[in-house]
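S.K.: Residues per chain, in single letters:
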Amino acid sequence: MPVHDVGYRGWDGKKTSPLTRWKIITYTGIRLALRSRWVARLLFLAWLPVMYWGVGFFFIENSINQDSGISVAETVVAAASEATMGADISADLGLGGSRKKIASIIRRQYKMVPNVDVIASALESGNEVATRSVVWGWLLMTFFRYPQGTLILFLVGSIAPALVSQDIRTRAFLLYFSRPIGRLEYVLGKLLVPVAFILMVSLVPAIALYFFAIMMSPDISVIWSTWDIPLRIVAASVVLVVPVASIAVMLSSLTQESRFANFAWFAVWAMGHGAWIAILFSVAVGKGMNPFDPIVTNDPVSQRWSWLSLYNNLGDVQSWVFGFEDFSQIYVSAIVLAGITIFSLVVLYYRVSAPMRV
Amino acid sequence: MDAIPIDDFLPAAADRMKPLISLQNIVKNYRDKQALAGVSLDIQPGITGLLGPNGAGKSTLIKMLLGLVRYSNGTGTILGHPLGRAGRRIRSMVGYMPEDDCYMAGMAGVEVVQFSACLSGLPDVEGLRRSHEILDFCGMRQERYRAIETYSTGMRQKIKFAAAIVHDPDLLILDEPTSGLDPEERESLLNRIALLHREAGKSVLISTHILPDVQAICTDVVILSKGQVVLQDTLANLNRTSSPSISFQVLGDSTPIVNHLAEHQFDVRLRPDQSILVESEEPNLADVIWSAAKKTSTVIRSLTAAKNSLEDVFLQTVKESQHASS
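Note that the protein sequences, when read in sequence, are chains Y and D.
Numbering-wise (the numbering used here), the first sequence opens with residue 1 and increments by one.
Numbering-wise (the numbering used here), the second sequence opens with residue 1 and increments by one.
Check each hint, because a few of them may be wrong.
Stated by the list, open to error - Distance windows between CB atoms, simulated: (1) Arg85(D) - Gly274(Y): 48 to 56 Å; (2) Ala40(Y) - Arg85(D): 43 to 51 Å; (3) Leu19(Y) - Gly38(D): 35 to 43 Å; (4) Arg31(D) - Met51(Y): 35 to 43 Å; (5) Arg35(Y) - Val125(D): 14 to 22 Å; (6) Leu184(Y) - Ser188(D): 37 to 45 Å; (7) Ser188(D) - Ala40(Y): 53 to 61 Å.
Stated by the list, open to error - Computed from the model, here is a short list of chain D residues facing chain Y with C-beta under 7 Å: (8) Pro123; (9) Arg198; (10) Glu263.
The set of hints was computed from the structure by calculation and includes no laboratory data.
No residue lacks a Cβ here, since even glycine has one placed at the ideal position from N, Cα and C.
Next up, chain D with everything else stripped away, as it sits in the complex (with noise of 0.2 Å):
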């Protein structure tokens, strides 16, 4: 019997290189402004943020996407279908978890999930058994049988993340998916959301304003503002600074290794989060600064090749988009 080729079973090169989301010179406009000016991108498979200040287009880019708003012109498709024409398509392999506090009223978390299930197609008996499988994946206990009126904005959170992803879709859309949540509950959505593309191979769109989570998660970048696409890259390339160098904390004072390292002719830096930054062309600059901490008796308490603050890029992007514009 002939071997079947390993290939056979892997999408094709060109498959798993086509963009989720593709769009090309998108415009909305309303009666008196313009929400979307010529929005051209493509997203990758992966977990892609979707950044942007307030009034950037973000929320009317994601309810044209679902097929809820009409635009004024251009092209696009998302998941292989045109936009504008295949709304149903789209939406049903698409879960959205709106930023909204919105809830169906008079019934218990389950049962919203259920409702979900069977509005995206699931049959009834099935989508309650669907509905309980997910909300045990996202650590909803006996609360799930409580109205819904009753709950926390966290536990709301959890059941609208719940009802997004109950139909198993392709796509998932997260607006603001981590607000109102502690930090024990934002830590373990983000672990359920990347888990979800590792494991189940999700493709995941998160629109948000909390950039540590962008940083948790996310693979690649986008930037919004005034309706047009200002940056689109992997993480991975916004974090790599310009020039080589190393971040590091130290315990107690910072000052005598800082003027130390000042004296030498280094580039160095506080940072907000007390961390010192040193830029330098210095091939052993971690050597250097070990060196440094001995002579003048610093201990270092970390030490990592220094990165770029995704905050210092979002707003030196929109600034400078802003900057052009105006």
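The following block holds chain Y by itself, in its conformation from the complex (with noise of 0.2 Å):
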């Protein structure tokens, strides 16, 4: 017997709050998937990007900052393009070339990049502030849309699939639900798991770098102009976690085995997306045409099996949110995803649920 040991006794201390039962589940999810390395690499991976986009930021603000002679919407869309897209553009826009000229040669030589279009436009426009805007929210965008988008498809494809197999394999709901705890607290608690290590690498990293931009920029009022985009990355956010950690941890409650729902939460993915690819191939053998050419993408075939693809839902509904995109343009995705979101956690709820029903 330890010589510490005191026998039984009583505890009568004062217990927290029932309504914030759920975090102990979250926080115990997130402890247990910390231990695993595969996660640690992954998020160190995840933080990457923000260099660069970083980097993109600091070019920009350091363009205004010098009195170069051209205009602050040239150096902007001369930094950002370089900054994402690694081209030097500045031998194509000339120094001191006039703004519709250098719009005329981004559309030209970026047409592939997303939204380009609308960069081009607001630097023709002449309007510091707007640009800004605009080209701080496209970088933002851009950052949601392609490193974040890819790597939290790897961080949550290896966090999720075990957060309710493995409680279904070795049947812990007993000792969940003997507690006092309701089965919407542990759904609760289980999807924000997910979301967190989503947040992590996404609305994190995002707000840092708002902040980084800020602190490059000229002068504070910067933030008057800009006070949006903390709003649009917050909300970009909600728009990535809530469908893909309902999707993830769904699927995670629909077998034991968390190598099936790892590999079904990938091939949700893989198969939507390579669907929809599969279509851009069709669109662009019948054109002649490069598939990803902006010209086959927004062709109306692509455009009306887009939704196949849940990153391109993703991807258009926070083109919206950023202001790239009218509602009336995305709004087959918004209603796709919501559906997905709505399915997915009736399902969850319902696997939850099915161990006390027998």
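From the two separate chains plus the hints, produce the assembled complex.
M.R.: See below:
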């Protein structure tokens, strides 16, 4: 017997609020996930793009601060394009070139970049404040859509499949539900695990980038002209986390084997996006063009089937959040995401309740 | 200064007699099966054994008490709270040890207990401190830091028991607590349960198939069969034989003494455990047996007032209930 064994003693301390018990489930889930080296590596990897985008913001604001003799808008576009596309745009632009000429060059040479027309139009407008807001928003939108959108797929794929499937396999439900918590709290606690990881690599770095850009800007008044950007970042994060976490945890609840849930997770993304790519190819073959040419991607047939891809749906709605699309252009994607989320949550709740129905 | 009456420190008599669990005509129907067919019972503070053959409705009854399944009809209270409407309140006052081999993967033993404590409302650090205290009480040593997947069945039983008591519940519901334990561990666990009742005032409801466990620590017994309570009584009453009788064991051959007693018109029976049961209204039955041993040169190893075998009571009760329902 240990020397410190005091036998059984009662406990009459102050209990925590019953409304916050889901936090225990989330906190424990995060702690367990962080024990995986792969998750730690993916988290590190997911923060690397922040440096790249940070350089983009640095160039933009650094150019603004320099008295180079060219307009702010021109330097903004030049620096943003260089940072995000890796191309040296300065030769095409030419110092002191007219805004219309520069916009024309951008439209022609960077036509593959989404929403480049919006940036070119902002440049033509000559409005420094509006241009900064547009370019910042565009940088953040591309940050959400390209590096983070892909890395989150792998990050969630390494965390979520085990969340509920493991509890089903080890019959841990009885240990949870014999405590003063309900099924909704269990579901919420589990959902917030992937949500937390997604936010760690989307919301947090995006907000950090925004503040970095503020620090690089000429004066603090920039906050007033870009006040909407943090709200757009939060909204884009919500658009990302809600359907992604719902699908991932729902798939986890369908099986006792986390590897099956893992396979299903990647299959859902790959099959949908693969089907859309196949349609792009068929359209491209018909037109004799590159399948990723905007003429092909904007073709009515390609657009009609774009909702097949979860990735496209998320990207489309985030484009709307950042102000690059009208709702009329993305409402199908929004409906698809809302439908998938509701369906996933209903299935998840049903599956979590199943062991108690025996 | 006026003396404070000692009664002020004691619970009111009415409270002492208040049942912990009171059920009236509880019915639980599944789609094509009636799991509980009008269960009515009052469970008093103490250690109560819940017995019944497989499919009798024990697990359903326990899940219903915890508010995990809804009942179709009836009313009841647990620890003074209405059944079905105060599930969370009840679960915060009850410690449940499930029968299933369930665990939370990826955690060490102490983390599982801490997690259970926190889910029951203990703050994080206090939950950890309390977990260590309870694991000490349960006899878990350094293995508490190992991943629970590496545990033997017996170790997992200990962890489940620790998780059930870590939040200091008023009522413990233990489903097959000793299954998978070696004899020494089984005895230790039964001692812990008895100690929790004796020294900490906990009430315990034990669902088990192991009748010697019930015999060892229970004060009351409830037998369920086909979704109904077919017997509820104190163990002392159940142990009492219908007529005065004595049970004894001998060293060597028992035939001479058995024959001798039978010749003198005593009702003598040989039990499965090799003890000999003698039933008689004879007031000095023990003297008669000692005398018979002397005459037949038999060495008596033990001699006790006979008790009813719980196994006999259980089998007889279940058999009667099944016969009645058929």
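S.K.: Please go over all the hints and tell whether each is borne out by the structure.
M.R.: Tested hints:
1. At roughly 51 Å, the beta carbons of arginine 85(D) and glycine 274(Y) sit within the given window of 48 to 56 Å.
2. Take alanine 40(Y) and arginine 85(D): their Cβ atoms lie about 46 Å apart, and the range 43 to 51 Å holds.
3. Checked against the given bound of 35 to 43 Å, the beta carbons of leucine 19(Y) and glycine 38(D), roughly 37 Å apart, stay inside it.
4. Checked against the hint of 35 to 43 Å, the pair arginine 31(D) and methionine 51(Y) fails, with Cβ atoms roughly 59 Å apart.
5. Between arginine 35(Y) and valine 125(D) the CB atoms are about 20 Å apart, so this pair conforms to the stated range of 14 to 22 Å.
6. Distance hint check: the CB atoms of leucine 184(Y) and serine 188(D) are about 39 Å apart, consistent with the given range 37 to 45 Å.
7. A hinted range of 53 to 61 Å for the beta carbons of serine 188(D) and alanine 40(Y) is inconsistent with their spacing of about 41 Å.
8. Using the Cβ-Cβ criterion of 7 Å, the hint placing proline 123(D) at the interface with chain Y is satisfied: the shortest such distance is roughly 6 Å.
9. Interface hint status for arginine 198(D): violated, as the beta-carbon distance to the closest one in chain Y is roughly 10 Å, over 7 Å.
10. With its C-beta approaching chain Y no nearer than about 55 Å, glutamate 263(D) sits outside the 7 Å limit, and its interface hint is violated.
The structure shown violates the earlier hints numbered 4, 7, 9 and 10.
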